[in-house]
Amino acid sequence: MKVGRVAAVLIPPILFGVLFIAGWQLLVRGADISQFVLPAPSDIWSSAIDQHSGIFADARYTGLNALVGLALGTVVGVLLAAVAARLPIFGGIVTPLVAGLAAIPIVALAPLLTDMYSVTSSLPRRLVVAVAAFVPVFINTLRGLSRLSPVHRELMQSYAASGTAVLRTIRIPGAMPHFFTGLRIASSLAVITAVVSEYFGGESVGLGSRITDSVGQSDYPAAWATVLGAVVLGLIFYVIALLLERAVLGRRATAAL
Amino acid sequence: MSQETTTSEAPPPAVELSGVHKTFALRRGSVVALEGIDLMIGRGEFVSLIGPSGCGKSTLLRVIGDLLPPTGGEVLVNGKSARRARLDQDYGFAFQQAGLLDWRTVQANVELPLELHGVDRGKRQRRADELLQLVGLSDFAKQRPPQLSGGMQQRVAIARALAESPALLLMDEPFGALDEMTREHMQTELVRIAGETGAAVVFVTHSIPEAVFLSNRVVVMSPRPGRITEIVPVDLGERTDDTREAPQFYAAITQVREALRGRAVDATDDVVAGIERAQGAL
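So the protein lines, in turn, are chains Y and C.
FYI, the working numbering numbers position 139 of the first sequence as 139, with every residue one higher than the one before it.
FYI, the working numbering numbers position 263 of the second sequence as 263, with every residue one higher than the one before it.
Hints may contain errors.
[What the hints assert, rightly or not] Here chain Y is said to cover these stretches of chain C; the calculated rule only asks that three of the stretch's residues, wherever they fall, bring their Cβ under 8 angstroms from a Cβ of chain Y:
1. 106-120
2. 123-137
[As the list claims (entries may be wrong)] Among chain Y residues calculated to face chain C with C-beta under 7 angstroms, some are:
3. 151
4. 152
5. 154
6. 155
7. 157
8. 158
9. 159
10. 160
11. 161
12. 165
13. 173
Keep in mind the hints are simulated off the structure, nothing from the lab.
Where a beta carbon is used, it is the ideal one built from N, C-alpha and C, also for glycine.
Chain C on its own, in the form it takes in the complex (with noise of 0.2 angstroms):
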């Protein structure tokens, strides 16, 4: 996937990757984390990385993020490079467990990128309203985080990533910890939520089902080198409950399972994903 197509008209993409690598230091000699990763994600579009653990898909995602510095490679974001882009607050990052800040109001939380970003009171509170609302939570602006279930605390995550109407939302599991019932119900509103902004996602995740219900692409990666070992486009037309019960859902979710299973998974591959939850614990 090369893009050397781009012309100085059009819009960039919301992210170019490059010859992409990362590599870790341990004590004794290094792991490699990721390779050769050359992906196009354009605007708008719906794209989830699923992997086993060790795969590198967090990783990437904090690559993207210029969370992480990458090794080799180039990262473009909105056509600049991913530390430009998050010192311009292109992106948006919503993480596995919500992170609120359990002593602010809802609302204060979903401006909190705002206020540290020096927007002013009022524009602030509209931007807060309009958000709450787009997640459905705007009886709640007023409470406090640990006052809300898990569902409505990653709602208001998500709200607060959204806020500087960012081209691009990167979400790291962000659906993990819910229960089956509540995590559909978010899949919807994400489909949604993603639709109304026009913002590109990129959606780490464990689940098969969740990646094909979401995405227009799933990249299916496999650690040891972490590399991307196929795209698999999914055509869905539009989310519905009754897309789940699709033949097209099930042959998709066929398709990314082969996929995964192409490769075969071992124990050691549980080092890259300890090295990941070290570097998240840093």
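The shape of chain Y in the complex, shown without the other chains (with noise of 0.2 angstroms):
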């Protein structure tokens, strides 16, 4: 019973990739595509088994940046949430700062910053990461913390319960489901920025560099094999982010994957 709906969901998209992939495989090689235009399938794949180690490597250095700037990002968001939360004149000042923030592409911030510390650093590259991760993590759990019911508001009211109470019992928990909603978001984007964040210059590692490597030197394989690293990468992230969701929220957990 239980295998046969995990089946039922599997199944589908597993064999949309099958297609997909083997119609890619002979459009390029029926139809002569060259290489620059659109590599095969194949290729990608044999430069991926060539260059995993480097790739590897890469990834684990992209992905320490994407991590250590979700979670600054992470906790500058909650922490400012909850005193916006509290303090609404805060909140009403923070919030349109945010949405300017927001309004802000990596590709604008990340070559300032990298101009701003020194070549070798890695710094600037997590503050980009920390600055795409807050967004989200922010305005979702502002909302979650703003959130309170008229039938709760009474009722806490009637237990002549302080704000803090207040907090604890019902704005935390309620906000949650939202937190973990922004989390979510954040982690996806998180490893976006940090790929995107190694284009503009500074030191020569990580996946996206890698990817402008290879391009630079003509090996499209090469750069699309990164990129299956770069998409693996976010969805581990990703799926990090939903099991954690999981296992804080249990059976409230709603999202699906």
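Please dock the two separately framed chains into a single complex, following the hints provided.
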């Protein structure tokens, strides 16, 4: 029964993936498309096998940047959301600033930060990740913390409960699903940002640098193989965030894969 | 209804209202929600407030519970100011929505007020066990509210309201969202629970049969401004399922209906109803 359900969920996307890659392979070989336009999956795969130790090392570097930035952005996002929920005036000042921050593209911020620090420092890349991760965590957590239904408000008033008690017993537990939604978005965003931040100078390590280097050497299968590595890294981050959510919320977790 | 006769020896009545007045300020002008409310509710007495939308019955309940301040008059609960009584947890409140915390078990929901007031773990558990037994939900202690039916959720909310053994239970249409069969069952249960705990109950409702079945007295209110038009005493003896078919039951229903009809209802009454909703949504 359970096996059947899992199979029903897994088989369609797997089947689609296999057909997609097979079609891609046939298209490239059949139409004789040149490698710099679109390499065949078989070429990408053999390049990935060839360079797996290099891709793996770069993925570790990029992954560490993403992780450090994600942690920093999450901590700051939660703290500021808590202050904003407690002090509406502060929330009124900070929320538009965050909206402005969210509108800054990573591509605009990365070269500026890179130039502020020495070339070998990973700090600017991590800071860019932190900025990107901060936004969804802050917005979602604040929304969760600000939500108090009229019946809960009156109930807590009838208990003569303090603001801190309301925060502890209702607002924080009530905000958890919102926080995890923010964290899930931020986790994917962190990897994307970490990769993209390497496109703009700085030390030549990481998946982003490897992609630009491979393109520079016209080694397109290698560039695509590195993109594959970035996809896997992003999925790992997302799934860990999802599992964390499931572990903490249990049955309350509603998000689907 | 004045109560100068209260002596220092006898325990004070559950609720004493004299000249209670409540005005809501609007952007332009104001609306009088309650005017000249005098009412005394004895210990262990079951009193329903009934009236059309906008008659201020929910406002009155919130004034008694110190969730809304009156603009005039005096409110005493257990012989204390309404504020003192709220701080001392002299009453339990049950709302139209059960308002349970979905992430807590049924038992932890019942324990919530005790937990907030620093009662230790062992005592909390024992009290929750008693209360869940009282409302017939012992088998569901470890479940979470979303797994329960609407009627069961309301019973948890009632158990929670009784956690501090209050002398007074304030109920704002707690069965309003339930289907008719569940509703009648809950009414029978509530009469039993109120009898067993000895708590006085102030019960706001739209339903005439509900008010009559539950109450010792039915307070009929009229809108614009909200005031008490008539108090109908009900004497049905011990309530059973047969009570609903007794001639006295129908006689009391007719009496309340005529008291309600004494006032014409028009659309502007919805102004106060709207304000009451807005107040609730703040």
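Enumerated hints in conflict with the structure, sorted upward: 2
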